[in-house]
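Numbering of the sequence shown is given in the UniProt record's numbering, commencing with residue 1 and proceeding in unit increments.
Just so you know, the hints here were simulated from the structure itself, not pulled from any lab data.
Note that CB positions come from ideal geometry on N, CA and C, so glycine has one too.
Among the hints, erroneous ones may be present.
[Claimed, not checked] Listed next, the in silico DSSO-like pairs over lysine-lysine satisfying Cα-Cα at most 30 Å (straight line):
no.	residue 1	residue 2
1	248	35
2	35	50
3	35	54
4	208	43
5	179	134
6	107	134
7	50	248
8	248	208
9	54	43
10	54	208
11	107	54
[Unchecked claim] Pairwise CB distance ranges, derived in the manner of DEER restraints:
no.	residue 1	residue 2	range
12	301	238	54 to 64 Å
13	255	55	16 to 26 Å
14	212	308	43 to 53 Å
15	46	227	51 to 61 Å
16	227	255	42 to 52 Å
17	306	241	38 to 48 Å
18	170	227	22 to 32 Å
19	227	285	22 to 32 Å
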Amino acid sequence: MSKISPGKPAAGKSAQKATQGKTESGAKTAHIGVKARFQAYLKDHQRVMKESLKRLYRQPTNSMLTWCVIGIALALPVGLYLALGNIQALGQRFEGNAQISLFLDQKLTADAQQQLVDDLQQWQEIATVSLITKEQALEEFMTLSGYSDVLDRLDTNPLPAVIEISPIPLYNEPENAQKLLQRLQELPAVDMAQLDLAWVQRLAAMLKIGQRIALGLVILLSAGVLLIIGNTIRLEIESRRDEIIVAKLVGATDAFVRRPFLYTGLWYGTGGGAIATVIIAFGLSALNGPVAELAGLYESDHRLLGLNVSDVLSLWCMGAMLGLAGAWFSVTRHLSALEPR
1 MSKISPGKPA
11 AGKSAQKATQ
21 GKTESGAKTA
31 HIGVKARFQA
41 YLKDHQRVMK
51 ESLKRLYRQP
61 TNSMLTWCVI
71 GIALALPVGL
81 YLALGNIQAL
91 GQRFEGNAQI
101 SLFLDQKLTA
111 DAQQQLVDDL
121 QQWQEIATVS
131 LITKEQALEE
141 FMTLSGYSDV
151 LDRLDTNPLP
161 AVIEISPIPL
171 YNEPENAQKL
181 LQRLQELPAV
191 DMAQLDLAWV
201 QRLAAMLKIG
211 QRIALGLVIL
221 LSAGVLLIIG
231 NTIRLEIESR
241 RDEIIVAKLV
251 GATDAFVRRP
261 FLYTGLWYGT
271 GGGAIATVII
281 AFGLSALNGP
291 VAELAGLYES
301 DHRLLGLNVS
311 DVLSLWCMGA
321 MLGLAGAWFS
331 VTRHLSALEP
341 R
């Protein structure tokens, strides 16, 4: 009977370990390869980003002119939106709120009227509550109407007590104000509730027109920014025609060739957003003094609303996205014509 050699299992284990070692080594090599390619990809993006910015600095006049044109195009609609917001805030400060008048039951006592006022002041929907007693209402009516002699002959006061209510800003909207009016009308002590929305509706109509105009400007001027950046990138592509053809001859992909132009568009858009921020800031600074003087004549401390940090970042991001989009369309359109022969 033949004997089994004791060395074979050990040889099998050695082969298994060797195979496992090769597998682990291959996986590690593949992992390192992916990581190295990703790092090289990031480094190339950093290099192209810096080079595209340096290229703009080498042409300061052309770059600044392009930034200023983009900045003006972005500042116009944003400035209009700011103006509309300031008009809305100013209108709300100067009697621009909805006013609700509650005509109370004639049989309601003075204590009951004051209790109703105290209860209404607890409502979250209501900003201010003021009571006009029957006597105050009669005196005011006599002063304004000019019929004081006739009213003096009356045995009783025909005018009811009135509670005047100003809602919070959320309930200045016509729909919300109507809901609040309906709730107040259902109170037992109220004979009639009247809502004055004339000023609010006029202001809302004017603001809606302004918003439509601003939206139209946003669309038109955004298209203008796309065309400006697209034409600028087209000129840069033409100036680098030979460089692009040589790069394609040595195997450069379209993505590689497109990359510096996309970063150029990004810098143009971001710089335009920064210029727009400066333009708006100067405009607000120039108007702040006259507006404060006008508000002081009305015994108000109103100040213009400006851009906050999120608004500035949004404006810059908007410029950057328009820059990228304009560069992408321009490069995609003109790059196919630059093929080596």
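Verification of the supplied hints:
1. 248 with 35: 26 Å, holds
2. 35 with 50: Roughly 23 Å between the alpha carbons, so the hint for residue 35 and residue 50 holds.
3. 35 with 54: Holds, at about 29 Å.
4. 208 with 43: Between residue 208 and residue 43 the Cα gap is close to 49 Å, so the pair fails against 30 Å, i.e. violated.
5. 179 with 134: It holds: about 27 Å lies between the C-alpha atoms, which stays within 30 Å.
6. 107 with 134: With Cα atoms ~11 Å apart, residue 107 and residue 134 stay inside 30 Å; holds.
7. 50 with 248: 22 Å, holds
8. 248 with 208: 53 Å, violated
9. 54 with 43: Holds, at roughly 16 Å.
10. 54 with 208: Since the Cα atoms of residue 54 and residue 208 sit roughly 45 Å apart, the hinted pair is violated (cutoff 30 Å).
11. 107 with 54: Not satisfied, since the Cα-Cα distance of roughly 83 Å exceeds 30 Å.
12. 301 with 238: 54 to 64 Å: Once the Cβ atoms are compared, 56 Å apart, the range 54 to 64 Å for residue 238 and residue 301 holds.
13. 255 with 55: 16 to 26 Å: 19 Å, holds
14. 212 with 308: 43 to 53 Å: Violated, since residue 212 and residue 308 (Cβ atoms, about 25 Å apart) do not stay within the stated range.
15. 46 with 227: 51 to 61 Å: Since the Cβ atoms of residue 46 and residue 227 sit about 30 Å apart, the hinted range of 51 to 61 Å is violated.
16. 227 with 255: 42 to 52 Å: 24 Å, violated
17. 306 with 241: 38 to 48 Å: Since the Cβ atoms of residue 306 and residue 241 sit about 45 Å apart, the hinted range of 38 to 48 Å holds.
18. 170 with 227: 22 to 32 Å: 41 Å, violated
19. 227 with 285: 22 to 32 Å: 31 Å, holds
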